[in-house]
Structures are given as C-alpha cells and as structure tokens.
Amino acid sequence: MFDLTAFVIALLVTAGIGTALGLVLAWGGRRFHVETDPRIQQVEDALPGINCGACGYAGCAAYAEAIVSEGAPMSLCAPGGADTAHAVARVMGAEVEAAEPKLSVTCCQGGHVDMRFDYHGVQDCRAAHVAGQAGGRKACTYGCLGFGTCARACPFGAITMSPERIPVVDWDKCTGCGRCVEVCPRGLNRVDPESYYVFVLCQSHDKGAVVNKLCDRGCIACRRCEKACPFDAIHVIDNLAVIDYTKCTACGKCVEACPKNTIVSFRKQRRARKKAREQAAQAREGAA
Amino acid sequence: METALVYFQIMFLAVFVQNFVLSKFLGLCPFVGVSKRRSSAFGMGMAVIFVMTLASLITMLIYRGIFLHPRLAQYQLDQYLKIVCFIVVIAALVQFVEMAMHKLAPPLYKSLGIYLPLITTNCAILGVTELNVIRFTGESETLGGAVAKSAVNGIFAGVGFTLALVIMAGIRERLDSAPIPEALRGVPIAFVAAACMALAFFGFAGMV
Amino acid sequence: MALRSFAGGTHPPEIKEATRGRPIRDLAPPDQLVVPMAQHIGRPATCAVKPGDTVARGQVIGEPAGFVSAAVHAPVSGKVKRVVQCNTPLGPACEAVLLENDGADIWAEGCNEPADPDGLSAQEVRERVQAAGIVGLGGATFPTHVKLTPPEGKAIDTVILNGCECEPYLTGDHRLMLESPHTVVQGLKLVLRAVGCTRGIVAVEANKPDAFQAMRKACAQRAEDGLDLAAQLLAVKYPQGAEKQLILALTGRETPSGGLPLDVGVVVQNVGTAHAVYEACAHARPLTERVVTVAGPGVGAPANLRARIGTPVRALLEACDWEESATRELVLGGPMMGVAHFDPDLPVNKGLSGILAFTDPTVFDHRHCIRCGRCVDGCPQRLVPSELSILVEAGRFEDARDADLLDCIECGVCTYVCPSRRPIVQWMKLAKDELARRRAREEAANRSGD
Chain D
-7 MFDLTAFVIA
3 LLVTAGIGTA
13 LGLVLAWGGR
23 RFHVETDPRI
33 QQVEDALPGI
43 NCGACGYAGC
53 AAYAEAIVSE
63 GAPMSLCAPG
73 GADTAHAVAR
83 VMGAEVEAAE
93 PKLSVTCCQG
103 GHVDMRFDYH
113 GVQDCRAAHV
123 AGQAGGRKAC
133 TYGCLGFGTC
143 ARACPFGAIT
153 MSPERIPVVD
163 WDKCTGCGRC
173 VEVCPRGLNR
183 VDPESYYVFV
193 LCQSHDKGAV
203 VNKLCDRGCI
213 ACRRCEKACP
223 FDAIHVIDNL
233 AVIDYTKCTA
243 CGKCVEACPK
253 NTIVSFRKQR
263 RARKKAREQA
273 AQAREGAA
Chain R
2 METALVYFQI
12 MFLAVFVQNF
22 VLSKFLGLCP
32 FVGVSKRRSS
42 AFGMGMAVIF
52 VMTLASLITM
62 LIYRGIFLHP
72 RLAQYQLDQY
82 LKIVCFIVVI
92 AALVQFVEMA
102 MHKLAPPLYK
112 SLGIYLPLIT
122 TNCAILGVTE
132 LNVIRFTGES
142 ETLGGAVAKS
152 AVNGIFAGVG
162 FTLALVIMAG
172 IRERLDSAPI
182 PEALRGVPIA
192 FVAAACMALA
202 FFGFAGMV
Chain H
-18 MALRSFAGGT
-8 HPPEIKEATR
2 GRPIRDLAPP
12 DQLVVPMAQH
22 IGRPATCAVK
32 PGDTVARGQV
42 IGEPAGFVSA
52 AVHAPVSGKV
62 KRVVQCNTPL
72 GPACEAVLLE
82 NDGADIWAEG
92 CNEPADPDGL
102 SAQEVRERVQ
112 AAGIVGLGGA
122 TFPTHVKLTP
132 PEGKAIDTVI
142 LNGCECEPYL
152 TGDHRLMLES
162 PHTVVQGLKL
172 VLRAVGCTRG
182 IVAVEANKPD
192 AFQAMRKACA
202 QRAEDGLDLA
212 AQLLAVKYPQ
222 GAEKQLILAL
232 TGRETPSGGL
242 PLDVGVVVQN
252 VGTAHAVYEA
262 CAHARPLTER
272 VVTVAGPGVG
282 APANLRARIG
292 TPVRALLEAC
302 DWEESATREL
312 VLGGPMMGVA
322 HFDPDLPVNK
332 GLSGILAFTD
342 PTVFDHRHCI
352 RCGRCVDGCP
362 QRLVPSELSI
372 LVEAGRFEDA
382 RDADLLDCIE
392 CGVCTYVCPS
402 RRPIVQWMKL
412 AKDELARRRA
422 REEAANRSGD
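Residue numbers (my numbering), protein chains in the order written: chain D, -7 to 280; chain R, 2 to 209; chain H, -18 to 431.
The set of hints was computed from the structure by calculation and includes no laboratory data. If you're wondering where the values come from, they're calculated on a predicted model, not measured in any experiment. Hints may be right or wrong, so weigh each one.
Distance windows between CB atoms, simulated [stated by the list, open to error]:
#1 H:A(-12) to R:R136: 44 to 54 Å
#2 R:Y116 to D:D106: 56 to 66 Å
#3 R:G34 to D:G51: 11 to 21 Å
#4 H:T343 to R:Y116: 45 to 55 Å
#5 D:F109 to H:N427: 17 to 27 Å
Using N, Cα and C, we set each Cβ at its ideal position, and we do this for glycine too.
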C-alpha cells in the first residue's frame, strides 16, 4: 500500500538535511573563495607534464601559472616543441612563433687515449672524475670518461654509448632539455639550436704537442681553421678552437682545413630534419 | 573507570585491531594513490580524520535524533534513508574540506589532486558511519553517549587510516631506490608491501 | 677499568709491527725536488720565485693567498730551475717549483736560530706559526694559524693533541712521541697559549704503551703552574684519531651536526703539528720536512723516514727496497682514508703521512645493499650509510643531504665492513662534489639574475 505520509516525511527529512547542508556550503563557498584563472589549468593540461625544467620554471604547473599570470613566453617548452606551443597559444587566444628545437652534442670523439691507471670503483662519470685527482683515468684529462652517466640521466632515452664508449645522441628523441649538460662532470655536452651545424668536437686545453701524442682526433691548436675561416668566426683560445656562432655561417671551410678531423659539420642531417618537420607541419595544416 | 575503558577499547580497535585499511580493506583507493610521498599522505590523513569525525558526529545525530525519534519511528526511515542521507552528509563535508584546503593550504590541495574529492566515495567513510550505527544504537545507549562514542570512533578510525597511509608512504619512498625487478616496479610492489603490512597488523587480532 | 671511547667504529688489523720498533731515519734530499704550491686547504700559495733564483732552506718560495692559506718554504738550499705543473693526491694538478739541490743545506737568514718560546705572547705564537707555513700534519692540512685564531665569542677550554694514529700501518706519530716527547709537550703549551686556555690532553691509543709513558713523563716534567697537562690512554678502535671522536671520548661533548670543534670549546691538533709549532717558535724553523711511514707488502724494508717536502715519493720507496714491478697499488696516506695514486714521482707534501705499496690488491664487485646494518653499527658519526649509499646511487642528492650526508667524515668504516662490498665512501665523495657543483651553479644564477 502506498503510504503518502511516510513518503512525504521521507522527502521532507532528506530535503531538510540537504538544504541545511547546502546553506553551510554556501557560507563556506563565500568564506573560502579563491580566485583562480581557469586558463591556468587549461594551459597546464596542454603542457607535456614531464616537469623537466627546461623552460626555466619549476615544473609544468609553475610554467603554466607564469604563462597566464606573468605573460611568460609560450614557446619555452623544449620537449613539447611546436605542437605544445600552438596548443598553449590556442588556450591563451594568441599567436606564437614556434621556438627552434634544440639538440645536444657531445664535444669529444674519444680517440684512442691511453689509460693512466686501472679504475675499480663506482661506474659513474662523476665518481671517476673525482678519482685520480680530478683527472680521471684517461690520459686526456678533459675527455669523455665513458661511464654513461649522461645516457642514464637522459629522461627521453636519447643517448646511448657507442662501442668506443662515447655518447651518441639520437636527435629524433632529443628535446634539448639539458639534463645531459648538467650531469657531465667535464661539461662536454652542449645544447644548441638546430640551425648550428658546425662543432669543434674537443674540449682539451692541453698544449697542441701534448694532444697530438695523446689523441688522434683532438684539437692541436694549429690555427688552420682560424686562417681558413672567411668570417672570423673561429679562434684558437687557450689551445682550443672555439666557434663564435653569431658569426658562423656553417660554410664548412674550417671542417676541410682541420688536419685531425676535430671539427665536424652536421649540415646534412640537420637540414634533412628541418625539411621533414616543415613538410609534416604543412601536411597538418593542409588537413586541418 | 568503566567509561574510560570503553573509550580506550574503541580507540584501540579503531587504530590497530580493526584498522580500516589493513584489517577491513576499506579505503584502498587513496591508500595506493596518495601514499607516494609522506607529506601528501599525512595531509590526506588529516583530511580524512576531519571528514570521518564530523561525518560520524552528524550522521549519528541524524540517525538517533531524526530517524529514531519517537515521533518518526513509525515511518522506519532508518531502513531506507540511511545510505542516501549519510552520503549527502559526507559529500557536503568533503566539499567543505576541499574549499577550505584550496584557500588555506593550496600546495597540499594541489598535491592531493583528484583524491580529495574522491574521499566522498571512499568506502571507509561510509563504513565508519555504518559501523557506528550498528555498534552504538543499542537499547541502553543514550543519545549523548552514542554521539560521543561515534565521534571517538570516527577520530581514531581516521588516525588508523593515517597511520597505515604514512607507513605505506615511508615504505614506498624507500622502494623508489630499491632494486625491484622491472615488472614489479610502481604499483605491483606497493600492493605486495601492503599485503605484508596487513599481515603484520594481523598480530593485533584478539588483543581487545 | 674500561678505557674511554666513542660509539661505532671498527677494528682493522694494525699491521704496525714492521715499523713501530724502528727509529725515524733521516732521508737525504735528492738532487731535484718539486715543491707544490697547493699543499693545504684554502687557496694555493702564489709562487714567489722565478727560474734562476738562488734559494736557501726555509726561504719563502710561495706566498700565502689570503688568511686561509699557507706559505711554502724551500726545503733545501739551491737554485730554482723551473716552475712546473705537478700532480696532487686529490685535486687537479697545481703549480710547483722545481728546485735543484746544491747539497749544502744552508738555512735562510733568520731561520734555524734558537729563540725563547716562553717569552712569546699568544699573538706572537700565531704569527710565528703562520710565517712557518704550518698546516695540520695529520693529513687534513688545515692552516694551523687559522685554527689557533678562534673567532669572537668562541671560548676554547681544552686543547687535545691527537697521538692516536689509528690507521693501520702508520707509525710516524708513535715514533715521534717516543723519540721527542718534550718537543711535543712544549708545542702543546704554545698552542694552549695561542688559544688562551689551560687544559691540554695528549690522547694516545692503548696499542702504544711506550709512547703513552713517554708523553706522561714529559707532561709531568714540563708541568707548569696554572696549566693542566695530561696524557690520556684511549681504547684501540678506528677512527679514534678523528677530531670529533676524540672530543667525544675525552670530554663527552658531541660536536653539533654541521659544526666544528670550536663550537664545543675544543681545538684538536696532531702531535706532529705540535712538534712543528715548537720548531717554529723555539728554533725559527719553518715547515720543510715531515715523517712518512713507508710500508706495505711491496717494500722490502719498511721504515719511518723524515723526508723533505718536495722529495718524490719514488725516492722514499727506493730507500725502503721498493719492489716496483710487483706493486699493483700505491696508496698515499693510510689504507682506510688514503688515496690510491698512479704517479710515483708525486712529491711529498705537508699532508703525506704514509706511502703504502700493495702487490695484490683485491678488487671487489659490489652488489645491492642487503640492509644488514653493519655500517650503521660502525659509523662513528651515527649516520645511516646504507641509506645514504642507496640515495646517492639513485641520484637523489638532495635527499642524501637531508639525511646528513655532509656530516660524513669519510673515515671508511662503512666501506670496510660492508658484506656487499659497496664503495660507500666513493658515493659520499661523489655526492658532496655534485652538491657543491649545484650550489655553485645556483649562486652563479642568483648573481646573474639580480
């Protein structure tokens, strides 16, 4: 039998409890009101969420807040690349110039260097660097130690160690986050824009004669590159050739001139990458 | 003295012998989800204690005061309105805690993330309120006594929950750097650790 | 009655029988010496001579660079041949002066003259010590004059001399205490005067009863009104000779985390340093030589040699019948905290207490931490080395710092007792290095950001 009274009582009790609580919540809502810009959450969702810090902020949440509250540039996310920059721009209702991708290069070719002692210790470049009086076991005290600390530190698995125990960077995976630069105790890794093609793959400041004896690919400070450069972009400073990228046009004359093949040009590979990326972007816009 | 012993029993049962997470296996979602860092585990625990205490208080008041009121007893509201009303109360409390935390402790609010509103659906909270109803609504219980005991049960159920959560967080922080086989990394080994904890808490069985 | 001690520690075999009974032998300086500018904590000295200069023994050839630095003196008389780069045991290569020994051993003007140490004021003692380039000869090489100048507000009430020499193989300090206890006690009195306190204790481990008796007698004979000099015997345990452990055993005071002995009112010096202080104040002799124990299975005739600073390590080894081809490992210092090195032409520096040649060093492959707790039992600083090693291995340097990594004294007890053969001290060094690098990067970023 349908009992109307019971039904109404039940309804009233539930409604009463609900209303009472609702009033408490309404009061609470006013008392604990927090102003938030909903865009911050939207921007944060558009970011990759890796919290690598390459943008210079303490994680994706901090960068999202900086973009919305402080007007930080929208294209600082290296791992996210152009896609992320565009997504963020869409949330913010603005246009963005996609930043050029940055890539990592290791400035050492590890050419046949003698060992000064047997090293039996923690298989980490930082530990090996400290052992043997901050010189490590290789006779070249500036060169790559080869224990793979950078390979392990890379959050994207872009670095592997070659059979000669030198790091090899897979530029398809590299996002230019800079972790490898941080961990190398000898500062051999560098992250530069994709449009830099020519690199001096050596960091030794030892005198040329010493380097010549130690390593078959090291910079001997012969200055042939300096003389060959038509743009005054490469100089030998403190026994090492250094390229000034504001002047370098990547003509490759220094690469030809170098007798030890220390200077290398990545022109072909990097231009192919850029072309592939531009074609993909065009295809995307064509489809959209 | 009698009452003191009764309250001690409630406290001990709630924290150790019948720990909500490790003995009753309620509230496992935040247990696995928020136990990665001790700081967020502790914060979650505090939120749960707050919600459990107030929920126990308010629901017992509603149950004894409204549902079992002599005037309304004939409608047997306690039979079918209990769950609905309890959930409404719990949901409102959690919403309140969320708003307060967002204003007063934003970093904690951020670190708890989705798990804060999930306290609403946390079976442990509903479990506490149900348990109170079962244990403290005998013939001899006064309204005051029932409410007090429910509140104490609520507080210490929350304490037990926090205890399990914080211990778990401590273990998981250590497990981070331990040589765990690839297949077991992350959640699987956390579950194994939780099982060991539950076994350990078994030792309290029968004490009270 | 149980001898005083500290919690933790371990008992490596002493292996001191070969050299503890042999008197210290003077090693004639070779024809060429290489004197490094960086032999101490703090900024390296700046070279004060140029090729062609004639120098006399005790002449300043390296000026200190600031207060926390030390002067370097010529260990022989002769001519400066060149300024070169030389290897150092722990750090990068440093500047050094290559001296040609003229064999005459002439002291410089004002040096090697008797002076009255009792007439010196506290400030004069400090100045003499600074001018003599004295640094902690126990191996830490901290400039002594800085230790003898406690900052405002820090009152010192006790001076402890470390005669424990807790490392295996090393017996240089033992022989020094036995052969010239009076210079050590007089050095102690000078140190007391410099820091302005009256209580001095010479700590000797119980494995050197003869040295203990000698020091006790010397303290009694050199007793002075108003001074409380005593020799104290301590239980044999490594690393009893470490500063903070000495303070704990002798005074019961615990140096606070991140703190220094002067925070608990104590100054600790090695007995060799005290002897050098006396030499500087009573004979105007700057630091030009030190006692080095040469031992190990790779030398046929182990001995304690008094060698000039700048003598190549090779010369000391050869004076002790070195089996060069059989030696697989050369350790500078003691076996627990010493550094393995590859260059036998490295010069003797102010901090070199021992040279050990090993023919058959065991190489270990390390495994995972089994959490046995032996390292926790052994750590004299009451840290948890197992946890620290796991954190550093996983790259969690900030977490390691929060677990008091910076209180580690790198004594090596944890590595010695670990059944999984984990190179814990190496990880500690790696982590400290990395944290220092990160701090430097942060400071540079802050500076450029401001």
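Hints that the structure is at odds with (numbers, increasing):
Per hint list: single violation, 5.
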